Every structure is written in structure tokens, then in C-alpha cells.
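> In case you want the letters, here they are:
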Amino acid sequence: MDPYPSSSQIAQKTWELENDIVSVDTPATSSSADAASDAIFYYDDVAQAKFQQEKPWANDPHYFRRVKISALALLKMVVHARSGGTIEVMGLMQGKTDGDAIIVMDAFALPVEGTETRVNAQADAYEYMVDYSQTNKQAGRLENVVGWYHSHPGYGCWLSGIDVSTQMLNQQFQEPFLAVVIDPTRTVSAGKVEIGAFRTYPEGYKPPDDPVSEYQTIPLNKIEDFGVHCKQYYSLDITYFKSSLDSHLLDLLWNKYWVNTLSSSPLLGNGDYVAGQISDLAEKLEQAENQLAHSRFGSLIAPPQRKKEEESQLAKITRDSAKITVEQVHGLMSQVIKDILFNSVRQSSRSRAEPSEPEPEPMVES
Amino acid sequence: MASSSSSGLTFKLHPLVMVNISDHYTRVKSQMNPPVTSTSCSNTNGNGNGAPAPPPRVYGCVIGVQRGRTVEIFNSFELLYDSATDSLDRAFLLKKQELYKKVFPNFYVLGWYSTGSDAEESDMHIHKALMDINESPVYVLLNPAINHAQKDLPVTIYESEMHVIDGIPQLIFVNSSYTIETVEAERISVDHVAHLKPSDGGSAATQLAAHLTSIHSAIKMLNSRIRVLHHYLVAMQKGEIPYENSLLRQVSSLLRRLPAIESEKFQDDFLMEYSDTLLITYLAMFTNCSSTMNELVEKFNTAYDRHSRRGGRTAFI
Chain A
2 MDPYPSSSQI
12 AQKTWELEND
22 IVSVDTPATS
32 SSADAASDAI
42 FYYDDVAQAK
52 FQQEKPWAND
62 PHYFRRVKIS
72 ALALLKMVVH
82 ARSGGTIEVM
92 GLMQGKTDGD
102 AIIVMDAFAL
112 PVEGTETRVN
122 AQADAYEYMV
132 DYSQTNKQAG
142 RLENVVGWYH
152 SHPGYGCWLS
162 GIDVSTQMLN
172 QQFQEPFLAV
182 VIDPTRTVSA
192 GKVEIGAFRT
202 YPEGYKPPDD
212 PVSEYQTIPL
222 NKIEDFGVHC
232 KQYYSLDITY
242 FKSSLDSHLL
252 DLLWNKYWVN
262 TLSSSPLLGN
272 GDYVAGQISD
282 LAEKLEQAEN
292 QLAHSRFGSL
302 IAPPQRKKEE
312 ESQLAKITRD
322 SAKITVEQVH
332 GLMSQVIKDI
342 LFNSVRQSSR
352 SRAEPSEPEP
362 EPMVES
Chain B
2 MASSSSSGLT
12 FKLHPLVMVN
22 ISDHYTRVKS
32 QMNPPVTSTS
42 CSNTNGNGNG
52 APAPPPRVYG
62 CVIGVQRGRT
72 VEIFNSFELL
82 YDSATDSLDR
92 AFLLKKQELY
102 KKVFPNFYVL
112 GWYSTGSDAE
122 ESDMHIHKAL
132 MDINESPVYV
142 LLNPAINHAQ
152 KDLPVTIYES
162 EMHVIDGIPQ
172 LIFVNSSYTI
182 ETVEAERISV
192 DHVAHLKPSD
202 GGSAATQLAA
212 HLTSIHSAIK
222 MLNSRIRVLH
232 HYLVAMQKGE
242 IPYENSLLRQ
252 VSSLLRRLPA
262 IESEKFQDDF
272 LMEYSDTLLI
282 TYLAMFTNCS
292 STMNELVEKF
302 NTAYDRHSRR
312 GGRTAFI
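Those protein sequence lines, which keep their order, are chains A and B.
Following this note's numbering, the residues of the first sequence are numbered contiguously, the last one being 367.
Following this note's numbering, the residues of the second sequence are numbered contiguously, the last one being 318.
Everything labelled a hint here was simulated from the structure, so no lab data went into it.
Computed from a prediction, not measured in an experiment: that's the story for all the values here.
Errors might be hidden in some of the hints.
If you want the ones that stay clear, here's a sample from chain A, every Cβ over 10 Å from chain B, calculated [to be verified]:
(1) 102
(2) 174
(3) 223
(4) 291
Covered, in the sense of this in silico footprint (three residues per stretch, anywhere, with C-beta under 8 Å from a C-beta of chain B), are these stretches of chain A [stated by the list, open to error]:
(5) 66-78
(6) 138-145
(7) 156-169
(8) 225-233
(9) 243-253
(10) 256-267
Backbone N, C-alpha and C fix where the C-beta goes; we use that ideal spot for every residue, glycine too.
Next comes chain A alone, as it looks inside the complex:
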């Protein structure tokens, strides 16, 4: 079927090597391999109850380190988050634990609009939750609730002050519990899923020096909230898994999907968001400029630490601007490619030669 030695396959292999991708599912060559990869779907309630009794997390606040999310849960959460538009939405996740990993098998939406001012948004939804869990158990989904998710449309994946206090409460009474945050706006803009999983430290616990988590840009009006609380929780690594049937379906889905991939236009859908990002960046720049101006006169007297902070402020801004630009350029590249593919053919017998527009160079790494 495919006469070319696929360079994309070579590229994928190289990329997989670079990023240490370990395939969770073994290809279904025999029925035993099938059973092994689908084993994760089996709910062993005896083992779960035993684990619940032991409570290994009570002694170690950093006990859970990894999260495994099923394809179904991810899809549901992202679709629900996106359907909320610019309003925060929330829901619950069901699953189980496995050693130091929390496994999320499914997610469902709650009929409340989570706003940042409501401390106890979940109180409204208790009845819904109980009903839903009951019907689920009957229908053969035996897992318990292991966490909650909510969306931060457009302002990144982190826990706000309210979220931190909610999660601390949850971790006192409903262990094991996980908090997941999804940003649907950034997902669509960047073309990859923006998601973060967090657990809070108990009150008064001093975490050992954590490696700084991956940097993300936070809009100016939220940055205070972020800064105050960012030391009170840690993030967990997220991996995904899918069943063999899921893989099979998704592979076949690609046969229909490629049309959507080609026809997607991220530039069109995200104009507002990008404009917001740029104006936010402008404000941050002004702030940084003021700080720098002050330091100019204080450079003789002020201790050297001050200077480092302002520099990193400007460096952060540079990184943000690079990120916005990269996303824009990617979007434009898609547009240009589509233009070449579909517009450069004329009705006459000869088709046009290579287009003369050079493609813009992507931003260099900051």
C-alpha cells in the first residue's frame, strides 16, 4: 500500500526515542497480549478495599506521583470543558489506585457552574453525584470517585486559592483524591491538550525543594493568586492509556479524520484569545519596565538579588511572546499549505510551479 519508506515513521521513531516514550499497550498479536493490555480495566474491589484500609498516603504527603488517564476520561473532560466556553465547568472522575499511581477510568460532568467565588460548589451537586454513582454501579461501572476536575478557560493549569482550600478539604475526608485542571482554550490554540494533575500538601507541611515545574504563562490579573499558593501543591505526571479496542477504533478513525486535521484552522477560532494574550503581555511589559527604571538608580545600593528578579521578569515575557508567536506561525503554516494545495491548481492543463512565498521561519528557542 505504501511504496515510500515513510519518513514520518522514521521521524516518529526518533521522537519516541528522544522522549522515552514507553508504549503502554502491547499490540494485540495474541489473545494473552490482549488480556494483558486490557487488564487495567478490571476492577478488583477486594484489593481496592485493602488499599483503602492501609492508607499509605497518610504518612507520606508526596505518596502519589503518577496519574494514568483513560482515553475515554480525557475525551469526556476536554469536550465538557470546551462546551463551557469561557465559563468554568467542573465534574468528577472515577477510578482506582495502583501503588503510587491514581488511575482515572471515567469522568462525568456536574450540573453546576464552578465559579472562583463559590467555595462549596460541590454541595449543590451531591444529590446528582449520589444518583449518578448509584446508576453507574448498576450498569457495571464499579469504580469509586477518585477526584474532581474543572476548567480554567484561557488562564492555564494551576490551582487557585479556592481550589487549594477545596482540595485540602477533600484530601482530609475523601482520600485518595485528585485535582485535575484543564484549559480548553489553550488546548485549541496550541493544538495539544493542556492538562495538569495536582495534590495539595497538608497544612503546615514544608515540601522539600521541588524541582520547578514547567513554566506556563499566567495572565496578569491571576498571577497574584497563582504566586501565593503555588507552593502548597505539587503536580503529578500524567500518562494516558487506552484499550486494544480503543486503539483499533482510533486507528480506523484516522481514515475519516484526516479531513478534519487538514481543514482545521486554528487562526480563525482563536483570534480573541490571541489578542487577549498580546494585550496581557503588553501590560506585563509595562510593569517590568517600571521595575527596571527603579533599579537603574538603586543599582549601587540595592543587593544583587533584586536585579536577578527583574531580569527573569523580562526573560519570562520574552518566553511568553515566543510561545504566542510559535502558535501563530503554526496556524499560518497550515493556512499556507492549504492555499498551496487547493488554490494553486488552475483549470488549464499545466499546474503552477512552486509558489514564491517563502514560509516564515519559526521562532528560535528562547
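Model the placement of chain B on the given structure of chain A, informed by the hints.
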């Protein structure tokens, strides 16, 4: 039993529904056949009992929106099958429907789903039972057998139609075609899970590579499809295959649609978008330069600071 549908309804199916059904099936299947565990202290019963039980049939309900002639299936949920009455548990269905209405107020019950390789006689019974909720329900059938040779999605959509067979009007299932519909967020997450893309930034080069790879794969598919058509047409020209006018007309209309857009306004807008992006790049470069400049000046200041303190001069600006 399955011939082509003539109702004229177009069906759109979201990938979430398929993943839902597949997950439901996998779960029920794995609960029935517990996996062999190495630390099996509790698995004393029927673990290695020869052949696993035959795959179960799972049932559920599909919900979505119907606008005019278009039926769009967005989501689904599980239902209980009552083997005593050979139909779906009605109370459960209503309960679940109520719950889902609260979160997704726009979605209505459109039909039901099941797994299996082909529609069966007993399915018509269930189908008829649902007719009081929706007068023309759809039946989505997923074939869970994994067959790597097949290229098409193992999902079929059936509608019921009244046909006169042997003088008796009967309801039979007819096959309907459907398209896959998706929103951008769904597409990205499906892509993400299907190809296990990196979820964090990586370097700019990695991101660029990932983005371009996905476009490349899509173009490769387009290319292969066009080749198939081309091959077919060449064979027709050589006379190996008899002429089929309807197909030729379709191909000709497809070709006549290129170029896609040719108006002046499009060119203007396109170039404007292009310049906007270049402007953003320019600004970002500017920011980068000024930040580097700033660093340079600070370092210079620090280097010459000692001199100024001793001599009492002001710092070098």
C-alpha cells in the same frame, strides 16, 4: 436485512460515542474474565478456566441533537438489559436520561446502541420499545472483533423502515451511511491519545515537528486517496473497467472545484493575516532583542561597578 436507507436523513457521529461504547464493552468483558494476576491471593475461583466466556453484548442509549434532516449523535450512556422481558430496563433509562438532561440540556434520546457483528431479530423488539420516546430511533452497532485487515470503521447505523414483505408490512433494519463529525477540542484530544503526542512543550523544534507531522500524515492520506482515483480512471480509460458515468461526473465536479477560492477579497484577507503573523514575529523578536540588550547592559554595569564606587563616578548608563 440491511439495504440502503431511503429516509434521507444524514447522520453525524462523534468519536466520543465510539470510545464510550468501546470502553463499556471492554469493562464488562474484563470483569467477566479476570486477568491472571501474579499476586493472586484472592483469585481462587475460575481463573484459568480454559476458554474465556463468549464476549457479552452491552447495551446503551445514544443522545444528541436532531436539526431538520441532520441527526448528530454526541454522547451515549449505558443501559441495563432485562433478559426476563427481553428489553431494556425502562426505569433505569428514564433515571439516566434525567441526570444527563441536567448537564446537557440540549440533548435528546436519539436511539440505542449495542455490540455484535450483525443486527439480530431480537434487536427489533428493543427497537420498537424505544419508539415511544423517539418515533424513529437509530440503532448503532459496534463490532468489537478486532480485525486488522479491515479498513473501515466497524460501526454501522441502522434505521427502521416499514417495508412490505410477502404482503405483510414489517419493520426491518436498513443500513444508513454516516459521517464523523468533530469539534476542534475533540479532534485534538483524540489525536493526542491516538498518537501519544508529548503533552508538555518540549523545544520549539519538537513542537514544530509534531505539528508538521500531523499535517504531513493528513496530506499523505489525501495523496493516497487521489492515487486510488487516478488508478481507477486510468484503468477505465484503457478499457479494463466499463465506463461508469455517475462516478465520472462526480470526479469531474470534484476537479472543477479547484481552485477552492479565487476572489480578490480572499487574497487581501489572506495577505493581511500573513502580515499580521509576520508583525507578531517582529514584535517578539524585538522583545527578545531588548531583553538581551538589557542583560548586556546590566552585566556591563556590574563589571564597571567597582571602578565607579572607588572613583565616585555614576554608573555607566
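> Next, verify each hint and record whether it holds.
Structure-based check of all given hints:
1. 102: holds, 16 Å
2. 174: holds, 24 Å
3. 223: Holds, because the least Cβ-Cβ distance between residue 223 of chain A and chain B comes to about 20 Å, which exceeds 10 Å.
4. 291: Per Cβ check, residue 291 of chain A is outside 10 Å of chain B; nearest 14 Å; holds.
5. 66-78: Per the Cβ count (6), the hint holds.
6. 138-145: With 5 residues in contact (Cβ-Cβ under 8 Å with chain B), the coverage given for the stretch 138-145 of chain A holds.
7. 156-169: n = 0 at 8 Å, threshold three: violated.
8. 225-233: Since three or more residues must qualify, the claim that chain B covers the stretch 225-233 of chain A is violated, with 0 doing so at under 8 Å.
9. 243-253: n = 11 at 8 Å, threshold three: holds.
10. 256-267: holds (count 10)
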